[in-house]
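All chains should be built: construct the whole structure from the sequences, respecting the hints.
There are 2 protein chains.
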Amino acid sequence: MLVLAMGAARAADALPSWNDGKARQAIVDFVKRVTTKGGKDFVPSAARIAVFDNDGTLWAEQPMYFQLAFALDRVKALAPQRPEWKDKEPFASLLKGDLKAALAGGEHAILEIVLATHANMTTEAFEKVVRDWLATAKHPKTGRPYNEMIYQPMVELLRYLRANGFKTYIVSGGGIEFMRPWVERAYGIPPEQVIGSTIKTKFEMRDGKPVIVRLPEVDLISDKEGKPVAINKFIGRRPILAFGNSDGDLQMLQWTAAGGGARFIGIVRHTDADREWAYDRNSSIGRLDKALDEAKAKGWTVVDMKNDWKTIFPSKSK
Amino acid sequence: MLVLAMGAARAADALPSWNDGKARQAIVDFVKRVTTKGGKDFVPSAARIAVFDNDGTLWAEQPMYFQLAFALDRVKALAPQRPEWKDKEPFASLLKGDLKAALAGGEHAILEIVLATHANMTTEAFEKVVRDWLATAKHPKTGRPYNEMIYQPMVELLRYLRANGFKTYIVSGGGIEFMRPWVERAYGIPPEQVIGSTIKTKFEMRDGKPVIVRLPEVDLISDKEGKPVAINKFIGRRPILAFGNSDGDLQMLQWTAAGGGARFIGIVRHTDADREWAYDRNSSIGRLDKALDEAKAKGWTVVDMKNDWKTIFPSKSK
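Protein sequences, first through last, are from chains Z and A.
Residue numbers for the first sequence follow my numbering, so the first one is 1 and each next one is one higher.
Residue numbers for the second sequence follow my numbering, so the first one is 1 and each next one is one higher.
Hints may contain errors.
Put simply, identical chains are the same to the list, so a pair is met inside one copy or across any two.
[What the hints assert, rightly or not] Only pairs whose alpha carbons sit at most 30 Å apart, straight line, appear in this in silico DSBU-like list of lysine-lysine: (1) K100 - K88; (2) K40 - K209; (3) K32 - K209; (4) K22 - K209; (5) K224 - K209; (6) K202 - K298; (7) K76 - K202; (8) K209 - K290; (9) K167 - K200; (10) K298 - K167; (11) K202 - K290; (12) K167 - K209; (13) K141 - K100; (14) K86 - K128; (15) K209 - K88; (16) K37 - K128; (17) K310 - K200; (18) K138 - K37; (19) K298 - K209; (20) K209 - K296; (21) K209 - K306; (22) K40 - K128; (23) K202 - K296; (24) K128 - K76; (25) K209 - K310.
Don't read these hints as lab results, they were simulated from the structure.
In this text the structure is predicted, and so the values were computed from the model without any measurement.
Shown next, in the form of structure tokens:
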């Protein structure tokens, strides 16, 4: 009894932004099972791989994916150097301020915008562009920098897992080099534990100095079936814990769940229209439909933002 | 004086298979510089990324790349299921025992052999094939298992670096999934710190169970210009130490050297025809020509196997 009570106290200390409920309890129970030496579910520290989606799981994704907001801002910034965009969709509509018309072309239009704004520069130049944007851009609803629109309970969860010998990874559909400049500070996850979509790059010498240049060509889309593919490629072993929030994460969750031994599968469900947003089956961003059905069928842990989280975002930085 | 003498004693303890010479001294000096808190070259542990080529740098690569030996053995093993190979090059010559004729097609022939033997199975099945091969195949010259043809001084160097807060990576032209099953035991390098060439894979459900299937299509060749590209993609930050042995490593060495701050660039030179092999500028395997010139011009550390290493391979396992 005393030991259990102490365990609960420690969990409350480690996860202060989580309400005492089923979700927190499931996390704490799982961590205890895999870290108890001699227990039947014990997993050596080296094999405690935990993977997290980013958009909608570690930070917000409304009213649009933040990387898309970045790309739109970049179109505006680059427009003076690209006069041809005035007559070329989706750029023309975008520059007129008609986002709806610009995005009417669907995924193809978005891809064009992303490649036009993310490529044809060195990796170093791109990193600077991302850092500069984060330092100035503000979220349209909250007015906060985008890298403060992260979920405090998830930051605590990442820290709690690492304190228990886990290696925490991001496996996002977002661009790998869009995330790497800021996620270490935001989540404590180093660049080499960030997996995401990639565009092709090439190595070349410029004035005797080696550079890596970003090419306007898709390499790997780390979404849906691409997530387990990316996990296998980058990590080379199967995670024992996975967290997502949408159908784009389903295959990653399935791949993780199908490994032998103890597994934890979690889904962040957006249920809090007041403090964040409420959306699932009918959302065009972060649609949670099939994965929600599978979570119910398989007994995965569904985190209800409204009820499970005491706070959503970190307290404001000074 | 006393402190210096103690440092030398510790280096001898940590690197017992290295002779007391310039190469060992250069390594020890570098490690001291980047780990001395408050020193001008101090690098925080998280940024101490060290990358190592594999073939010819961590294990031998003569008389042919070991992965090619694996592929040739696989052709023989698979031949009964592939009757069409009897009339199809390069397989026909190979099955007749005429290796020279089989490889007359150069890189294209090798690629055909590799794709035919490395793809069209799940990642789990491939891992088992690699493990089974290593458990039975023997090196033609020494009669030892291939995973004992590793360089003991380099194993010590990897361990010494990790003991000094470095994160050690393999960046090989070899196949990533050919290395991952055995390198942790051989070198202490976990699967997620192994980077290599990749073929494409796809996720699918088979009888309700998710699998990842290896496809006969090249994804990334992690050689020459592909090495810095792979480092940037998988690690996302620049190493401070790099070790190679051939011109295939040159761009990785250049990329590492071009970073700001203290850098260590090392080359293993095969100079020991008695205990290992002696080859460099004129070898078709592991040719060391341009990189040797650049090493001399830039003052990189060239390890002379014959003179710098007390022992080459680990003592035989029982």
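Comparing the hints with the structure gives:
{"no.": "1", "hint": "K100 - K88", "verdict": "within (15 Å within a copy, 56 Å between copies)"}
{"no.": "2", "hint": "K40 - K209", "verdict": "between (54 Å within a copy, 24 Å between copies)"}
{"no.": "3", "hint": "K32 - K209", "verdict": "between (50 Å within a copy, 27 Å between copies)"}
{"no.": "4", "hint": "K22 - K209", "verdict": "between (55 Å within a copy, 28 Å between copies)"}
{"no.": "5", "hint": "K224 - K209", "verdict": "between (38 Å within a copy, 16 Å between copies)"}
{"no.": "6", "hint": "K202 - K298", "verdict": "between (43 Å within a copy, 24 Å between copies)"}
{"no.": "7", "hint": "K76 - K202", "verdict": "within (27 Å within a copy, 37 Å between copies)"}
{"no.": "8", "hint": "K209 - K290", "verdict": "between (49 Å within a copy, 17 Å between copies)"}
{"no.": "9", "hint": "K167 - K200", "verdict": "both (27 Å within a copy, 26 Å between copies)"}
{"no.": "10", "hint": "K298 - K167", "verdict": "within (25 Å within a copy, 38 Å between copies)"}
{"no.": "11", "hint": "K202 - K290", "verdict": "between (38 Å within a copy, 20 Å between copies)"}
{"no.": "12", "hint": "K167 - K209", "verdict": "between (35 Å within a copy, 25 Å between copies)"}
{"no.": "13", "hint": "K141 - K100", "verdict": "within (18 Å within a copy, 68 Å between copies)"}
{"no.": "14", "hint": "K86 - K128", "verdict": "within (26 Å within a copy, 57 Å between copies)"}
{"no.": "15", "hint": "K209 - K88", "verdict": "neither (35 Å within a copy, 46 Å between copies)"}
{"no.": "16", "hint": "K37 - K128", "verdict": "between (45 Å within a copy, 28 Å between copies)"}
{"no.": "17", "hint": "K310 - K200", "verdict": "neither (42 Å within a copy, 43 Å between copies)"}
{"no.": "18", "hint": "K138 - K37", "verdict": "neither (47 Å within a copy, 38 Å between copies)"}
{"no.": "19", "hint": "K298 - K209", "verdict": "between (53 Å within a copy, 14 Å between copies)"}
{"no.": "20", "hint": "K209 - K296", "verdict": "between (55 Å within a copy, 18 Å between copies)"}
{"no.": "21", "hint": "K209 - K306", "verdict": "neither (52 Å within a copy, 34 Å between copies)"}
{"no.": "22", "hint": "K40 - K128", "verdict": "between (48 Å within a copy, 25 Å between copies)"}
{"no.": "23", "hint": "K202 - K296", "verdict": "between (45 Å within a copy, 27 Å between copies)"}
{"no.": "24", "hint": "K128 - K76", "verdict": "within (17 Å within a copy, 53 Å between copies)"}
{"no.": "25", "hint": "K209 - K310", "verdict": "neither (51 Å within a copy, 37 Å between copies)"}
The structure is inconsistent with the numbered hints 15, 17, 18, 21, 25, although it conforms to all the rest.
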